[in-house]
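**Q** Letter by letter, the chains look like this.
Number of protein chains: 2
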Amino acid sequence: MDKIVRINMSDLTTSTEPVPAEWVGLGGRAMTSTIVAKEVPPTCHALGASNKLVFSPGLLTGTAAANSGRLSAGAKSPLTGGIKESNAGGTAARMLAKLGIRALIVEGIPKADKWYSVHIAKDAVTIKEESELLGKGNYSIVNQVQTRYGKPVAVVSVGPAGEMKMLSANISVADPESHIRSLGRGGLGAVMGSKKIKFISIDETGVPPVMPKDAAKFKEASRIFAKTLLDHPVSGQGLPTYGTDVLVNILNEAGGLPTRNFTSGQYAAHDKISGETMHDTIVKRGGVPTHACHPGCQIQCSQIYNDKDGKYLTSGFEYETIWGLGADCCIEDLDDIAEADHIMDDIGVDSIETAVMFGVAMEAGVLPFGDGKGVVRMLRDEIGKGTALGRVLGGGAGQLGRIYGMTRVPVVKNQGIPAYDPRAVKGIGVTYAMGTMGADHTSGYAVATNILSVGGHVDPLSKTGQIELARNLQIATAAIDSTGMCLFIAFPALDIPECLSSLIDMINAQFGINLKGDDVTALGKSVLKIEHQFNLDAGLTKEDDRLPEFFSKESLPPHNVIWDFTPAELDTFWNF
Amino acid sequence: MDKIVRINMSDLTTSTEPVPAEWVGLGGRAMTSTIVAKEVPPTCHALGASNKLVFSPGLLTGTAAANSGRLSAGAKSPLTGGIKESNAGGTAARMLAKLGIRALIVEGIPKADKWYSVHIAKDAVTIKEESELLGKGNYSIVNQVQTRYGKPVAVVSVGPAGEMKMLSANISVADPESHIRSLGRGGLGAVMGSKKIKFISIDETGVPPVMPKDAAKFKEASRIFAKTLLDHPVSGQGLPTYGTDVLVNILNEAGGLPTRNFTSGQYAAHDKISGETMHDTIVKRGGVPTHACHPGCQIQCSQIYNDKDGKYLTSGFEYETIWGLGADCCIEDLDDIAEADHIMDDIGVDSIETAVMFGVAMEAGVLPFGDGKGVVRMLRDEIGKGTALGRVLGGGAGQLGRIYGMTRVPVVKNQGIPAYDPRAVKGIGVTYAMGTMGADHTSGYAVATNILSVGGHVDPLSKTGQIELARNLQIATAAIDSTGMCLFIAFPALDIPECLSSLIDMINAQFGINLKGDDVTALGKSVLKIEHQFNLDAGLTKEDDRLPEFFSKESLPPHNVIWDFTPAELDTFWNF
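Residue numbers (my numbering), protein chains in the order written: chain G, 147 to 722; chain C, 147 to 722.
One chain only, chain G, in its complex shape (with noise of 0.2 Å):
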């Protein structure tokens, strides 16, 4: 029977209920969304007792649908005062859907300065104190917890940022081989360290698989389904090989790879940190170069990369942190990446945030570009630690540059502007700009059109057809979050007609009921619309679906572009 779980941290009770009429058929961001919009007042205070962090595993998740495994979180965010849903693979998202939890809902805040962790399992949830795990990181939680355990439970976790409700801390989840996975852009670790949890661990013991409604259909749909994973040549062969980091060159040769503070598209020294730099070195020294951040991916762009004595340094080695410490930081050592990535899944930082504001606090002068050992050392010992120099950079590319009086700070909604520079693709740049979630690559990649050239081609230094891209890829976006599906299914849904048949056939089979394309269209504009009336009951205006000043006074190498989209132009945006 699927239920919703209420923690309420204020009197440590827990509370389970009926999923209500409403939410059923919801999942994911879906899901995480409509509780937020419902339950959370628009302008409370996002570290106060009024917000609510909301956990929800995909309409799809803990069937044997490929790529299905995405656990979503959603809260008020603290960095950008708006809505925030964020996803990661694990193995949490699985074990919460077998038990028949649609939504776990975190209310509250203890009136003790004490710690807590939550315990859930097949027939009960526990509110424990914890105190001898305070200040350790998440790998050292997984650890711990799992041995406790004595199995591989599902542990959800907050790293010492996010017990001290820095603006840039993100949520961990396991992976199954105990690894770490980062969900929370825009300080949801900071959220659940409000709340004073510091792990959620969960245990499958005892509860059956999730049977579809009808087991045909369903096997028929997702053997489809995988299959258009496979044949694509983005989800079948880049990314299973070179993992996201095969991004590197292409946008190095595309000219929109932001460097050294986005001050350029092209780094020289692209080659040292590219994708294929990084395979050949992971294979050298006897890693995993294609490897499954959640049970039941195909496409397995994960990675375990280790370091130059054949031992484990970090996996989930994405494309966004290498660009953001390598590119735009010019640090060449993939090795000190792969260490200071490390320490970001450790301590609890979102690694895009953190990059970006090292660009700027290197511009600031706090440390010079290219020092990648100096990052290491203020992971590890400022922002880790919570000196004061840490609390400088943990809150994020935003707060760095109001500490500093800079006025190049990459931002959207006060959050860190990822991979792509905005004027040599304008796509993604119409996404960072008008995103409910601010600068967010993931919430509508018009790099895939732009640049990948999936789904047809829009030139990408063009501003035709850009906003209508961002638009139908937002939406497009926003439901397939909510069926708990890895976003990269959407290289082959954009140019395979089978792959988003056979996945509505797949949701159809699951629960008995008769999905059409447009009822998923429907459900994605529908969530989008649900954010950004949250964002507007918040506080945000149409000035905070801008670009800085600084993308439109300043022109880009090499192709000496500058982003020149009007307001009106883009408050085109929301027409639909």
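Treat the hints as calculated values from the structure; they're not laboratory data. Quick caveat: nothing in here was measured; it's all calculated off a predicted structure. Misleading hints may appear alongside valid ones.
Repeated chains share a single entry, so a pair holds when one copy, or any two copies, can fit it.
What the hints assert, rightly or not - The list that follows gives simulated cross-link-like pairs (lysine to aspartate or glutamate, EDC-like), each with its CA atoms no further than 20 Å apart:
#1 519 with 481
#2 260 with 275
#3 675 with 717
With chain G held as given, fit chain C onto it using these hints.
**A** This is chain C only, laid out in the frame that chain G set:
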């Protein structure tokens, strides 16, 4: 001949132009807000080249009118994101007015990483590169500049905080004794720092006095006006004797003295920091209890406060500073507060913003409540030197709150709430919420009518009548701020009819015009509306016209009152 002087820091040129027709008759805040609204793009980066820093003397500045020597500065605020005007005494306004300069507009940003001074004399405006003065405090700047010119030129400067573009940085202006007055809440010092101007010096040598069109009428009106200042008990007795610090005991008695980061309305040690104690201390140590901050001031609420050895320690030692470090930070030693005041003047930070910030920092555990020596050390060695901790502390209360994840952060539009708790003095709460400047008691001093029974009496604990009170006071204040008059003329103006009529008579006699009382009200309304529209265009919304959540949730002893205005009630403020 009246004129506008422009300083273009991008190409290091200056120019002079006649006052355009639409700006004739404007002065002070009316002038700065009109120019900022017309010439500064509301969405520009406040520390970027598109912002402009505007100085303007008031309409009556430079004349023989009592208390008319205020200097206004205006710009887009990097702290609030909206428009900002701030004014102070000192000698600069009078000299600008005598030179016929109705507005000094600083534009652009230098291309080179060099620092400059601007010298204004009868026949020339000169930009000069400065380097030896970089890093120097305001006291040192005034001393060295006046030594350079061999006479008491007016000096407008920024300290190290302004150089570092800290959001709490203000602008300093020398008083007749070469001590420091301050303008620039809202980070105007950071704006001046962004334009790389260390100081502006003004030499009035060779210019004749400002003469009225109708000298006899002016003289008679001026006499009547001056007499009303002497006749009113607040401006004629309370302020001259005890300074603004007379308010400590009054607000404590009223239960509206925010204590220990706004957790109580009474401070047990209020006697140790009261105006009465300060007065006795000053007299005992051979200081000056009654002192004018600008030439022609009759109220003379400033003072010179000596240390235990009878040596100069600080001046312009105001209630809000003493409240902030005293009651709000629980520092009982007035000498510690005086030393802190001196350092804040010297490094150039807003003492209200900084004191409110320390209250939040103490709640966050950065230093203990009551640690006066710690505050002095942090001002001098951290903020003043721009260490990482100094950067954390130098950005004001809102920034400190975000950095430490605090929920009890008393700011409106990111500007610290001054010395009157809005729960126990509800009229000033309306001013904090609705004011165009962020939380600013001087923009509509409802304390007068709520607590001092000036201009009638409105019960401070009741909502009744407060919105109308705050609206009328804000309109009147916007007009007064345009005359160059000290706001303290409002006390007689509210109670003695001849005060306002003689003020209008002086303006009419000075310019040979025929203003009525309604014209003055219309000017005030017009200024407020211009400012409000700028804020809306900059992206501020109704949600920025609100007090922080905790004022509505935590009741304030001893009256155990909460802030209970609804959003709809507050929004009626703008119905005029």
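**Q** Provide an ascending list of the numbers of those earlier hints which the structure does not satisfy.
**A** none
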